[in-house]
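Protein chains in written order, with the numbering used here: chain W, 594 to 1031; chain B, 594 to 1031.
Note that these hints are calculated values from the structure, not bench results.
Note that the structure is a prediction, hence the values are computed from the model and not measured.
Careful: at least some of the hints might be erroneous.
No copy labels: a pair is met if it fits in one copy or bridges any two.
Claimed, not checked - Calculated lysine to aspartate or glutamate pairs in the DMTMM-like style (CA-CA distance at most 25 Å, straight line):
(1) Lys780 / Asp1021
(2) Lys644 / Glu987
(3) Lys644 / Asp1021
(4) Lys644 / Glu986
2 protein chains.
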Amino acid sequence: MEELSSINGEGFGTSTASLDAAGAVTLDYIDGGITAVSGVRASGVYAGFRKNPDKNDLALITFPEGTVAAGVYTRNIFCAAPVTVSRAHTAHGHARAILINSGNANAATGTEGLAVAEQSASLVACALDISPEEVLVASTGVIGVPLSLECIRAALPCSVAALGPDDGTDRAGGNAAARAIMTTDTKAKEVAATVSLSQENGTSVTVTVAGMCKGSGMIMPDMATMIGVLTTDALLTPAAADAALRAAIDVSFNKVTVDSDTSTNDTVFLAATGVSGGDVIDVMHASFPVFAHALAQVCEKLARMIAADGEGASKLITVEVTGASSASDADLVARAIANSPLVKTAIAGHDANWGRIAMAAGKSGAQFAQEHVAIDIMGLPVLRQGLPVVFSEEEAIKRFEESEIVLHIDLGAGNAATRIWTCDFTHDYISINADYRT
Amino acid sequence: MEELSSINGEGFGTSTASLDAAGAVTLDYIDGGITAVSGVRASGVYAGFRKNPDKNDLALITFPEGTVAAGVYTRNIFCAAPVTVSRAHTAHGHARAILINSGNANAATGTEGLAVAEQSASLVACALDISPEEVLVASTGVIGVPLSLECIRAALPCSVAALGPDDGTDRAGGNAAARAIMTTDTKAKEVAATVSLSQENGTSVTVTVAGMCKGSGMIMPDMATMIGVLTTDALLTPAAADAALRAAIDVSFNKVTVDSDTSTNDTVFLAATGVSGGDVIDVMHASFPVFAHALAQVCEKLARMIAADGEGASKLITVEVTGASSASDADLVARAIANSPLVKTAIAGHDANWGRIAMAAGKSGAQFAQEHVAIDIMGLPVLRQGLPVVFSEEEAIKRFEESEIVLHIDLGAGNAATRIWTCDFTHDYISINADYRT
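The following block holds chain W by itself, in its conformation from the complex (with noise of 0.2 Å):
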């Protein structure tokens, strides 16, 4: 994932602290995922990347004209060729179509592949009668083998033909969607919710946001991790799209960490078609945070199911550091945590190893004395400035029966704070990622 670009100095919501701040947003989710919102449409078939015809492979999205889009991308230097197609097309703040498809990530395929990218878009193009860079791409899948434009080519009449009504209504084409999409997910990842804006005049309008993605957990030939589909019916300007993706991105996807990696072709997408009505949303308009903070919850919620649905996992386990001296220091200690291998092994063994916590914070980087440092094991203290409590094994195997482990550590040396999802490794993540042979 890119940098959070700035929309308000110090970069809105790096620490939860701030955005807790920002408050009171109050979401009302309901049943859904992307084609709640109003203008959109999906669909999932199968086009023959995964040898499996029981699994699709294939799915596409369209929004009415005049949508705006985002997208941010990973930061990888090996980066896919449909990165480099969508990250040319979504500087245009504009899309009408989606088309992403799972078994093959079109990465590591020289220009041959920047080639598939660019003519998959155009096939596109020509099936719904607009133009190649209203197009976004995207692939997850095995790397180094090359795209079929031909299996693209066979199966669009398909998906065009198998895309649901656009009134908001169709939940089966938003689900097809996000199980054409998944390559290790064992769950489709799905997230709606409506959120009320208020306007200039006085009155309020009621916005849909809604979201689809599959897992960061990484296997070959799935190599390719992330891939997320935020929509929306709020009537955006192409900038406050873009600052409230990247806002919301920070606070949530990149906050994930599952083994650590980052892939060739992690990708978000934010599309706002503007169907609602009302005023448009730009960075200035009172109503602009609102909308931020309501992007940013649905896309933490998707988060962490990617994290609860890590390789192997048996937990979902939260980070959450405050008492740091900066929003980079509680980063830091965040993902020291959250990437240790003997922290997420202590986890998936139930075993409340604050020595593993502190030794991981120890080595971040960031700056605090021993002495003033506090951890806590899903509310159990364990140790407080810098020294073991003693507490009662017993109650901590009781808490970690739960299925989110909430490790906290408090620095002591000042007021930033973050927080982090992961989760366990267990035996199946070896499984999952040794005997698997190419």
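For chain W, the structure is supplied; the task is to place chain B on it using the hints.
Chain B in isolation, oriented as in the chain W frame:
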């Protein structure tokens, strides 16, 4: 481990290329460990820190008057009491004894722990009729539990009585010490070698360089990781001992990563008895680079033993990076690959997975262009100019039978290079670290 103290500007030996260029230093490896060095006596006894009396847990090493000493210590903010004490004592540049216990790290033990570490040095000083400042201490084992001074007091007469002869022939004493400091190590780690140093009068003196260490794989209750003792009969100044030790650690122990974690107790000592006689070797002496290189080679041997003996490891992995634009970029890439759970599990699964290596390099933050990258696995070209090369899967599987797996990546971005050692991630790693209960 601490930062390298620069010996000659850019730092001696920060790349294997410069080390090799220093070249032409021939060591004769001999049987034995730290007591292969004249003037060094050692013992290993049972003091009661471990529950199992079949496993000794207290090592004592003594040196003659005038022995020069240096120490390098953990950079982890959570630093153990013996580290604080030894850091102060090595500042004097001399030592007469080293006391190391396993089974208890004396870490996260507050001011009481510090007093115990200081008092244990005093007990050794009394027993040997030397000054407490001439005693270095190190501990490894469970953290957050008080270290019993009584165990040390009771065992010390036995430790002193068990010391072997000091003429370089005592194989048993050095081995007993090497075994007494083991925690999760499956093998004692000892190296000894001789090297010839030219004198200013045109003659030469043969000196012995030796070492022992315990490994860095971590497991609760044995949180503490790397402890090493290097000995030599070379006649060094304190500044030369310190500079040679830091340079050697930079290309050896600092290039080992088992699970990316550093501990509260990491400590490496160098003791130079000076018994060899001949010229006093300062950093300006023509033979200093030869001695420093010899010490680095001994440390490299020990470092490779640590990586190969990582918890649950089935393979030693050597990650070689060439063509980096700077030494720090080379290090970033090598560590990203060596710490990637996806790379480590792939190797456990005998999977020639160039994609995971490329992805780890791409996320490292180092500067290079995808289309200039080449990757070899066990000498087999798998990626050229950023694109996959067809290779024989059968041949790859055959090469994976070796106990050491060499991954080589050339970034095509410059001339800097480095080498890092790690081990694979197996089911046993998860078992050791997750199934253990505190």
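Hints versus structure:
1. Lys780 / Asp1021: within (17 Å within a copy, 29 Å between copies)
2. Lys644 / Glu987: between (48 Å within a copy, 23 Å between copies)
3. Lys644 / Asp1021: Within one copy only: 23 Å inside, 33 Å across.
4. Lys644 / Glu986: Cα proximity of Lys644 and Glu986: across copies only (21 Å, versus 48 Å in one copy).
Hint compliance for this structure: no hint is broken.
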